[in-house]
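Same order as they appear, the protein sequences are chains C and X. Going by our numbering, the first residue of the first sequence is number 3, and it counts up by one from there. Going by our numbering, the first residue of the second sequence is number 3, and it counts up by one from there.
Keep in mind the hints are simulated off the structure, nothing from the lab. Accuracy of the hints is not assured; some may be wrong.
To give a feel for the contact side, a few chain C residues facing chain X, derived at Cβ under 7 angstroms [stated by the list, open to error]: (1) L12; (2) S18; (3) F35; (4) F86; (5) A87; (6) S112; (7) A116; (8) L124; (9) R129; (10) G153; (11) Q192; (12) S194; (13) I227.
Selected chain C positions facing chain X (Cβ under 10 angstroms, derived; list incomplete) [as the list claims (entries may be wrong)]: (14) S44; (15) G45; (16) R59; (17) R96.
Covered stretches of chain X (in silico footprint by chain C; criterion: 3 or more residues with CB under 8 angstroms from a CB of chain C, positions within the stretch not fixed) [unchecked claim]: (18) 11 to 22; (19) 114 to 126; (20) 130 to 141; (21) 220 to 227.
All figures in this text were calculated on a predicted structure; none of them were measured in a lab. Backbone N, C-alpha and C fix where the C-beta goes; we use that ideal spot for every residue, glycine too.
Residues per chain, in single letters:
Protein chains: 2
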Amino acid sequence: MTLHFVGLGLNSEGISLEGLRRLEEADAAFVEFYTNLEMDLSGVEERTGAEIEELPRAEVEREMLPVEAAESGDAVFLVPGDPFAATTHQELRREAEERDLEVSVSHAGSVLTAVGETGLDLYRFGRTVTLPSHGCPPSVVNMIAENDSVGLHTMVLLDPGLGIGEAAEMLRQEIDNSRCVACSRLGTDQSSTEVADLSEVEGGGSGPHCLVLMGDTTDKEEEYIG
Amino acid sequence: MTLHFVGLGLNSEGISLEGLRRLEEADAAFVEFYTNLEMDLSGVEERTGAEIEELPRAEVEREMLPVEAAESGDAVFLVPGDPFAATTHQELRREAEERDLEVSVSHAGSVLTAVGETGLDLYRFGRTVTLPSHGCPPSVVNMIAENDSVGLHTMVLLDPGLGIGEAAEMLRQEIDNSRCVACSRLGTDQSSTEVADLSEVEGGGSGPHCLVLMGDTTDKEEEYIG
Chain C
3 MTLHFVGLGL NSEGISLEGL RRLEEADAAF VEFYTNLEMD LSGVEERTGA EIEELPRAEV
63 EREMLPVEAA ESGDAVFLVP GDPFAATTHQ ELRREAEERD LEVSVSHAGS VLTAVGETGL
123 DLYRFGRTVT LPSHGCPPSV VNMIAENDSV GLHTMVLLDP GLGIGEAAEM LRQEIDNSRC
183 VACSRLGTDQ SSTEVADLSE VEGGGSGPHC LVLMGDTTDK EEEYIG
Chain X
3 MTLHFVGLGL NSEGISLEGL RRLEEADAAF VEFYTNLEMD LSGVEERTGA EIEELPRAEV
63 EREMLPVEAA ESGDAVFLVP GDPFAATTHQ ELRREAEERD LEVSVSHAGS VLTAVGETGL
123 DLYRFGRTVT LPSHGCPPSV VNMIAENDSV GLHTMVLLDP GLGIGEAAEM LRQEIDNSRC
183 VACSRLGTDQ SSTEVADLSE VEGGGSGPHC LVLMGDTTDK EEEYIG
């Protein structure tokens with residue numbers, strides 16, 4: 003029996019052909035929307051004949067329902083973006099492997115590479131950080147400073163529920179270099195990017211959002227983001 | 003008229019539903035395989051009715067054929083992985099925008115996030131580097147040292163034509179910390195990862211390959227890669 007991890011990418015048509023095939027063949031299918039990336043999967047269900055059960059994160063983490071389901075048939079676990087960006091999913095895989103289940107992965111678009119849409123060079127990004135909703139901890143400030151000290155950009159992902167204006171204000175209080183690109187709905191038809199100072203980032207519009215703190219830029223990058 | 007950038011992901015079924023739809027609707031379709039990621043697109047052609055023309059890199063860079071085609075109809079430019087990881091494609095987009103053409107992007111899986119399959123935490127990677135086939139330049143050595151100085155992993159992409167054994171040997175001569183994960187065919191059914199010292203990396207098997215130079219690891223990471 004196999005547990006198939008299938009990435010949903012960044013919009014309701016972001017799943018790959020491989021992922022669709024695995025859904026068609028599966029005995030059970032689950033999805034989890036922990037990030038603020040909610041998707042309408044009715045089109046995918048219609049196309050594949052799969053019934054997709056939405057799980058709260060607690061059931062994924064504690065009860066490992068997708069692993070349970072794979073004990074008695076092929077199960078698909080759908081994940082927004084690309085499946086192994088998040089630690090939770092690594093644990094699920096580990097558990098499946100410990101139970102001698104097969105595991106497969108179907109990759110899909112992730113915000114971590116979609117950010118190339120901004121015109122910034124993906125190879126000039128340092129370490130990615132996540133900003134918690136309760137405030138900016140010293141570890142995040144340090145990681146940003148490390149990237150900044152060697153001129154690299156920092157991708158700042160936001161905890162679910164954290165607005166982009168609020169995030170920008172939290173960062174502005176902690177760091178000096180405040181030039182950023184505020185991104186909304188990357189990978190969708192309504193994708194937008196705004197080059198601004200942290201103090202000027204607008205809070206409006208629906209997410210998902212992310213913020214890129216800019217390090218040194220090349221001439222090419224300046225052309226593209228200009 | 004629109005130039006659609008469509009990611010092909012990491013295998014012949016890696017294209018998204020959105021990408022397929024754009025191919026179905028397009029007046030012209032092109033693909034470029036500069037990386038060592040050659041794909042069989044006959045299934046995609048059959049499914050969408052599109053005829054996909056393969057372009058050598060020179061025609062993409064100098065003659066900008068996909069942009070030309072988008073002047074008189076909707077054109078799709080297919081790119082292995084996720085489209086905006088590579089600078090060439092940014093230039094193509096820039097050119098299209100300067101000619102007042104619409105641009106769209108359909109994202110897909112990339113080796114930059116698929117490397118999460120190794121069990122290494124994507125948020126513990128520093129800057130990505132590319133190893134040229136003619137030898138390891140000081141700039142690459144410096145970037146690896148920067149990542150290493152703050153305990154981060156380095157993703158090393160290989161220039162087309164550079165074998166993994168050869169790449170490991172080039173790196174071994176330049177850097178001290180030599181624990182690595184050698185990856186083959188990430189994102190395909192034949193995906194494999196091997197934790198080894200640089201001096202022990204085997205040269206066999208077909209690509210695409212990449213090498214991850216390991217920084218400090220967490221207990222969780224050690225469990226997964228073990």
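The hints, checked one at a time:
no.: 1; hint: L12; verdict: holds, 6 angstroms
no.: 2; hint: S18; verdict: holds, 5 angstroms
no.: 3; hint: F35; verdict: violated, 18 angstroms
no.: 4; hint: F86; verdict: holds, 3 angstroms
no.: 5; hint: A87; verdict: holds, 5 angstroms
no.: 6; hint: S112; verdict: holds, 4 angstroms
no.: 7; hint: A116; verdict: holds, 5 angstroms
no.: 8; hint: L124; verdict: holds, 5 angstroms
no.: 9; hint: R129; verdict: holds, 6 angstroms
no.: 10; hint: G153; verdict: violated, 10 angstroms
no.: 11; hint: Q192; verdict: violated, 12 angstroms
no.: 12; hint: S194; verdict: violated, 13 angstroms
no.: 13; hint: I227; verdict: violated, 11 angstroms
no.: 14; hint: S44; verdict: violated, 13 angstroms
no.: 15; hint: G45; verdict: holds, 8 angstroms
no.: 16; hint: R59; verdict: violated, 18 angstroms
no.: 17; hint: R96; verdict: holds, 6 angstroms
no.: 18; hint: 11 to 22; verdict: holds (count 10)
no.: 19; hint: 114 to 126; verdict: holds (count 10)
no.: 20; hint: 130 to 141; verdict: holds (count 3)
no.: 21; hint: 220 to 227; verdict: holds (count 3)
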